[in-house]
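Starting from the structure of chain B, add chain V where the hints point.
Protein chains in written order, with the working numbering: chain B, 9 to 688; chain V, 16 to 377.
Take these hints with a grain of salt, some might be off.
Straight-line alpha carbon distances no greater than 20 Å define the calculated EDC-like cross-link-like pairs of lysine to aspartate or glutamate that follow [stated by the list, open to error]:
(1) B:Lys513 x V:Glu252
(2) V:Lys121 x B:Glu192
(3) B:Lys513 x V:Asp311
(4) B:Lys521 x V:Asp42
(5) V:Lys147 x V:Asp93
(6) V:Lys280 x B:Asp502
(7) B:Lys521 x V:Glu39
(8) B:Lys532 x V:Glu39
(9) B:Lys521 x V:Glu97
(10) V:Lys40 x B:Asp525
(11) B:Lys513 x V:Asp42
(12) B:Lys521 x V:Glu127
(13) V:Lys29 x B:Asp502
(14) B:Lys532 x V:Asp42
(15) B:Lys532 x V:Glu97
(16) B:Lys521 x V:Glu32
Residues on chain V that point at chain B, a partial pick, calculated with CB under 7 Å [said to hold, decoys possible]:
(17) Lys29
(18) Ala31
(19) Ile34
(20) Tyr35
(21) Leu38
(22) Thr83
(23) Met85
(24) Gly116
(25) Thr292
(26) Arg340
(27) Ala341
It should be emphasised that the hints constitute simulated quantities derived from the structure, not laboratory data.
Fair warning: this is a prediction, and the values are worked out from it, not measured in the lab.
Using N, Cα and C, we set each Cβ at its ideal position, and we do this for glycine too.
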Amino acid sequence: MGRDGTPAAAPAVRITAEKLADKQHEISVTEFFEKNKQVLGFDSRTKSLLMGVKEAVDNSLDACEESEFLPDIIVKITNTGEEEYKVSIEDNGPGIVHRAMPNVFGRLLYGSRFHALRQSRGQQGIGISATVMFANISTGRPAHVASKTEGLDAVAWEMDIAVDTKTNRPVVTNDKAFSWAGKEHGTLIEYVTKGRYIRGSQSIFEYLKETAIVNPHARIEFHDPDGKTYVFERATDTMPHKAKEIKPHPKGMEIGDMMNYSSMSEEKTVKDFLKNDFCRMTPRLADEICTKAKIDPKSSPRDLGREGSMALIKGIGEVKIMDPPSECLSPIGDVLIKKGLMHTLEGMRPEYYATPVTRSPKAVNGNPFTVEAGIIYGGDIPADGQVTLMRFANRVPLLYQQGADVITKAVGEVDWRRYGLEQRGGKGLPYGPAIILVHVASTKVPFTSEGKEAIATFPEIEEEIIAALKLCARNLKSHLNKMDKKSKTHEKFDIVQGILPDLAKKVAEQLGKPVPDLSQTISKIMNVVWIEPVKERIDGGRRISYDIYNYTVRPHSFMIHLQIPAECMNDTITGGAFFDSAKEDGKSQWLIKDLPASTSVRISFELRGDMADTFDPDDVYISGINPVMVMGAESLPGDWGIKGMKITESEDDYIQDTSDEEEEEAEALEEEEFEKEADE
Amino acid sequence: MNDRQKTALESLTKIAEDIYADLEKGDIPAMRLPLRSKRNIEFDPMTQVWKYGSMKTLRTAKTTQGATTMLRTAYTTDFINEMIREDKSSTLREMYYISEGWNRAKFHTQDESNLLAEDLETVTHCMREDFKLRPEEGSAHVYGDINFRTRTKKGMKTFNCMDDVAETGFGIPYSVEKETFEIKNDNIKFVMALETGGMFARLIENGFPERENCLLVHLSGQPTRSTRRLLKRLNEEEGLPIVVFTDGDPWSFRIFASIAYGAIKTAHISDYLATPTAQFVGITASDILNYDLPTDKLSDKDIGALKAELSDPRFSDEFWDTEIRAMLEMNKKAEQQALAKYGLDYVTDTYLPEKLTQMGIM
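Bound conformation, chain B alone (with noise of 0.2 Å):
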């Protein structure tokens, strides 16, 4: 307020600077949030319902992970009056231990994780508490702490937490130990908070799905409100590779973390504290930053300041420094993202799984990340409209603002209608019966929002997720030529197995002659090798088998290679039928030697264990014949690894199929559609 303006003539109280400074008053973090409620993301009755349960599952599995337990967790939502819910979440993670319990529930930004450089699902340890707070505030009840850590004499503790939203402390009621009846470690929490609860694609028995999908390792139970009871089981029991810590790369440094970090830094000098306090840093860089930021190298980091920050990193701007280290990188990997896949989505039978892929880290601004993807076609998958995005961001499924987010961005700017889905103009969203599962890691995610949404649009996670997304829609395509492939050949089945036989029998019949032997006509339609796999399930595992018809007019030989999971070889393999040799990684072969015309062999064996779901029947490649006149089967791939056998035979006994006949009659056909005349 200035003087310049006209003095009131009135005897109005005149609000002095001074009166002013006395309402002023502090306004505390947690005051803060509770009135922009939207930016944490509890904006709406169903999504703060949503919210609750997504950060005590984040928090679950993250401790989980970093103290190596298989996660189990449960989570139970029961209906206790008009928009009113009890929520509670329990898992087996490490507890908390007594003291920290009020702090990491009732308290916000606090957490271990806000200093550490790695991938982890709860970024900001505002989460929990919020969760807390909020249901505090809507129904003015407390939430229910339990943990217990490991060891055999520990006791339980549990307690009743509120948050003081002035001052940003917890407040604790009912603080007690007690005996917790069979559980080894972990905690639970309990609330009760205004909610509404929904189904569908922003429900909590979506998000508890998506979870199971990225998080294979994990057991998730849950009891939604109408006393339905759906587990998620374990798809694995192979724990996520632990992502190590790593110091911040310098170029991801803002000026607030820069002058927070040389305050506290240990280091004598700046040189020092480059050298030491960051990842990817020499002494030769360490100086060349100084002099680009005009700083003395010998000087301390804890003088530099806001100047000296802004300096710095404006020299480290002007270098070029190495991308950070991945280790502190966690991805699923595509063998668990295909087990997940399956295991969630069995329900629909999808046709098929493209390979998922998983790209090689990269780095944004000094934040490193990796893209992984995955695409599931057919089967019960709806068809009609647009498909299924399944995002994630460290292993967390974003399930709101689908429109802002990077993945959907990419998924739009590639060209589906090359892959084999139908795509309006080649541009957003294709339509048809598929689900595209894209996750993005990284040791800090940009999103768009605290609410952590949706993954802000940076060119360079951009390009990798559209690379993802194209190696997986290759598989895709491959996967549906192939099936057309098939479809063919089963017509040529249903003619020789079906329509011949009867032709045969019919002119026999009416001419009083013997019907004529077949297998001569039926070689020289079919014309091909055909490979068949046979799926069974069997207890324990799965047989598969491989039928092998010579539908030609002379005999073959020829390999037949298979990728066995490594962990799943055994007897039944390499004891059986027409088996060759196979190689440390599972790289198996079979050799078919002079199958004579209108034969066929049977190749069998069993799959056990974990990882028999994650063989592909249909991946079977041939080599030592020319592949157009197999069906059922690629030529060996160059990076097999081995060579295939050598094609002894020449390629001008194969008899290509043209089909102008085929067409010429279609054609005619069309023509009389065209002229319609009555002619009876």
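The following block gives chain V in isolation, referenced to the frame of chain B:
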């Protein structure tokens, strides 16, 4: 069994023998048929009609469609041969239903069975009638002072198509061959084929047949084989000029073409069905302009049909080229009854006399 039927039986047996021989040799069974499309019709100067050219299509058992059609062929030939031997006959529709018991050879639509019957005609050079197959529906109706002597349940009987019939006219049977259908004409001077029943009734009511010694033939849409055969006989045996009066749209042009030039589907028997001297009265595109007729806009299908006609060899003369292009350009079509704009008598008092005089008929 007459000679024609004997020939049919032998020809059909030959088809089965050929298939059997292919299978016995270990070959893929195949049949060679004339390509039945507009690309393969040629003008025969001898008979002045359009017939199939030399282009062939190969039907092999390599495709599901080819193999299925061949299986149906085997069943159909067997079925026909049995009918010939037992002196029975069936309608095309009955054959369609009989195929219910043929498993894989079953026809899914009657079009399929009709097409197959035509295929057999082209391969054997026999007629459908020789196969003891007949259409289930009657054919066109005629009205005018002419006598037909035909077979009835009480033996051969003579009908006068004006005195002995009601105003719906005389319904002609499916077979109008000499053996069972005789024509005796004293008074008729020309024959007019009409597309619509409305016009047929209008001309009768207006007394046009009596006044002009004209025989009216109601085509009811696309003319059936026996209708075209009757027109052909009236023209050839009785020397009567044939004129065709239809709506003014692309489909009506095709009705005329099937009468005058031969239909694409039945080009194998064009010289038996087509009347090359038949003339088109209207409605032409020029009529629409000259008589200022009420019109409708051409639909997308109409436009497509007109464009297809431009590449149809049967329409490749100056008259049709001009007419088709004119119609495309004005983007309009008209019904023959649009002439009623000028009163009910206009068609008989003005339009037809004008047009027929120009053509030298009246």
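Now the hints, each set against the structure:
1. For the suggested pair Lys513 of chain B and Glu252 of chain V, the alpha carbons sit about 48 Å apart, so the restraint of at most 20 Å is broken.
2. Pair hint Lys121 of chain V plus Glu192 of chain B does not hold up; C-alpha atoms about 71 Å apart against a cutoff of 20 Å.
3. With a C-alpha separation of about 56 Å, the suggested pairing of Lys513 of chain B with Asp311 of chain V is violated against the 20 Å cut-off.
4. Proximity of Lys521 of chain B to Asp42 of chain V is assessed by CA-CA distance (about 18 Å); at most 20 Å being required, the pair is judged to hold.
5. A distance of roughly 13 Å separates the Cα atoms of Lys147 of chain V and Asp93 of chain V; the hinted pair therefore holds under the 20 Å criterion.
6. Note on Lys280 of chain V and Asp502 of chain B: the hinted pairing is violated, with a Cα-Cα distance of about 30 Å set against a maximum of 20 Å.
7. Restraint check for Lys521 of chain B and Glu39 of chain V: the C-alpha separation of about 11 Å stays at or below 20 Å, so the hint holds.
8. Between Lys532 of chain B and Glu39 of chain V, the direct Cα distance comes to roughly 13 Å. Compliance with the 20 Å bound is thereby established for this hinted pair.
9. Proximity of Lys521 of chain B to Glu97 of chain V is assessed by CA-CA distance (about 17 Å); at most 20 Å being required, the pair is judged to hold.
10. For the suggested pair Lys40 of chain V and Asp525 of chain B, the alpha carbons sit about 9 Å apart, so the restraint of at most 20 Å is met.
11. Distance restraint check for Lys513 of chain B and Asp42 of chain V: the Cα-Cα separation of roughly 16 Å lies within the 20 Å cut-off, and the hinted pair is therefore satisfied.
12. For the given pair, Lys521 of chain B sits about 29 Å from Glu127 of chain V by alpha-carbon distance, which is inconsistent with the 20 Å threshold.
13. For a cut-off of 20 Å, the pair hint linking Lys29 of chain V to Asp502 of chain B is broken: about 26 Å separates their Cα positions.
14. Taking the CA atoms of Lys532 of chain B and Asp42 of chain V, the gap is about 7 Å. The hint holds against a cut of 20 Å.
15. Taking the CA atoms of Lys532 of chain B and Glu97 of chain V, the gap is about 33 Å. The hint is violated against a cut of 20 Å.
16. Among the hinted pairs, Lys521 of chain B with Glu32 of chain V is consistent with the structure: their alpha-carbon atoms are about 10 Å apart, no more than 20 Å.
17. Below 7 Å, beta-carbon pairs count as interface contacts, and Lys29 of chain V has none with chain B, the closest being about 11 Å; its hint is therefore violated.
18. About 5 Å separates the beta-carbon of Ala31 of chain V from the nearest beta-carbon of chain B, less than 7 Å, and the hint is met.
19. Interface restraint check: Ile34 of chain V against chain B, minimum CB-CB distance 5 Å, threshold 7 Å, status holds.
20. Among the interface hints, the one on Tyr35 of chain V holds; its C-beta lies about 5 Å from the nearest C-beta in chain B, closer than the 7 Å criterion.
21. Taking 7 Å as the C-beta contact cut-off toward chain B, the hint placing Leu38 of chain V at the interface holds, the least distance being around 4 Å.
22. This hint holds: Thr83 of chain V has a C-beta 6 Å from the nearest C-beta of chain B, less than the 7 Å allowed.
23. A distance limit of 7 Å between C-beta atoms decides the matter here; for Met85 of chain V the minimum to chain B is near 6 Å, and the interface restraint holds.
24. With a cut of 7 Å, the hint placing Gly116 of chain V at the interface with chain B is violated, because the nearest CB-to-CB distance is about 13 Å.
25. Evaluation of the Thr292 of chain V hint against chain B yields a violated restraint, the C-beta minimum of about 21 Å exceeding 7 Å.
26. Using the Cβ-Cβ criterion of 7 Å, the hint placing Arg340 of chain V at the interface with chain B is not satisfied: the shortest such distance is roughly 20 Å.
27. Among the interface hints, the one on Ala341 of chain V is violated; its C-beta lies about 22 Å from the nearest C-beta in chain B, farther than the 7 Å criterion.
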